[in-house]
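Undergrad: Position one of the sequence shown corresponds to residue 1 (my numbering), numbered consecutively onward.
Rather than coming from a laboratory, the hints here were simulated on the basis of the structure. Ideal placement from N, C-alpha and C gives every residue a C-beta, glycine not left out. Among the clues, some could well be false.
[To be verified] Per label pair, the in silico range of CB-to-CB distance:
#1 Asp20 with Glu68: 19 to 25 Å
#2 Ala59 with Lys18: 30 to 36 Å
#3 Glu21 with Glu55: 15 to 21 Å
#4 Asp15 with Pro49: 19 to 25 Å
#5 Pro33 with Leu71: 16 to 22 Å
#6 Lys37 with Asp69: 29 to 35 Å
#7 Glu48 with Asp69: 17 to 23 Å
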Amino acid sequence: AGGLVADTPGFSSLDFSKMDETDLAESVLEFRPYLSKCRFNDCVHQNEPGCAVKEAVAAGKIPQVRYEDYLGVLEMIQDRKETY
Numbered sequence: 001a002g003g004l005v006a007d008t009p010g011f012s013s014l015d016f017s018k019m020d021e022t023d024l025a026e027s028v029l030e031f032r033p034y035l036s037k038c039r040f041n042d043c044v045h046q047n048e049p050g051c052a053v054k055e056a057v058a059a060g061k062i063p064q065v066r067y068e069d070y071l072g073v074l075e076m077i078q079d080r081k082e083t084y
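Could you build all of it, start to finish, from the sequences and the hints given here?
TA: Below, the structure is given as C-alpha cells:
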C-alpha cells in the first residue's frame with residue numbers, strides 16, 4: 001500500500017500485525033537495490049545463503065544498525081501468533 005516507517009520520539013509502539021515478511025523487506029529503502037539479487041525469490045534476508053542484502057551489510061553498503069533493526073521487526077512478525 002506504500003508508505004514508510006519512521007522511528008520518531010514519542011512513539012512507544014508500532015503495529016506490524018498486517019505486515020508479512022515480504023512486505024517488511026520491501027519497506028526497507030536500503031534493501032531495495034538488492035532484493036532482486038538474492039539467490040532465492042522468497043529470501044527474508046535472515047539465514048538464507050546467497051542473500052544480496054546480507055552481502056551488502058557485510059560490505060558496509062547497508063548500515064549494520066539498520067539490518068539489526070530489521071531483524072528485530074522480522075522476529076516480531078515471525079513470532080506473531082495467528083488468531084482465528
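Undergrad: Hint by hint, note whether the structure agrees.
TA: Results of checking the hints against the structure:
1. Asp20 with Glu68: 19 to 25 Å: With Cβ atoms ~20 Å apart, the hint holds.
2. Ala59 with Lys18: 30 to 36 Å: With Cβ atoms ~33 Å apart, the hint holds.
3. Glu21 with Glu55: 15 to 21 Å: Holds, since Glu21 and Glu55 (Cβ atoms, about 19 Å apart) stay within the stated range.
4. Asp15 with Pro49: 19 to 25 Å: Violated, at about 32 Å.
5. Pro33 with Leu71: 16 to 22 Å: holds (19 Å)
6. Lys37 with Asp69: 29 to 35 Å: violated (21 Å)
7. Glu48 with Asp69: 17 to 23 Å: holds (19 Å)
When each numbered hint is compared with the structure, violations occur for hints 4, 6.
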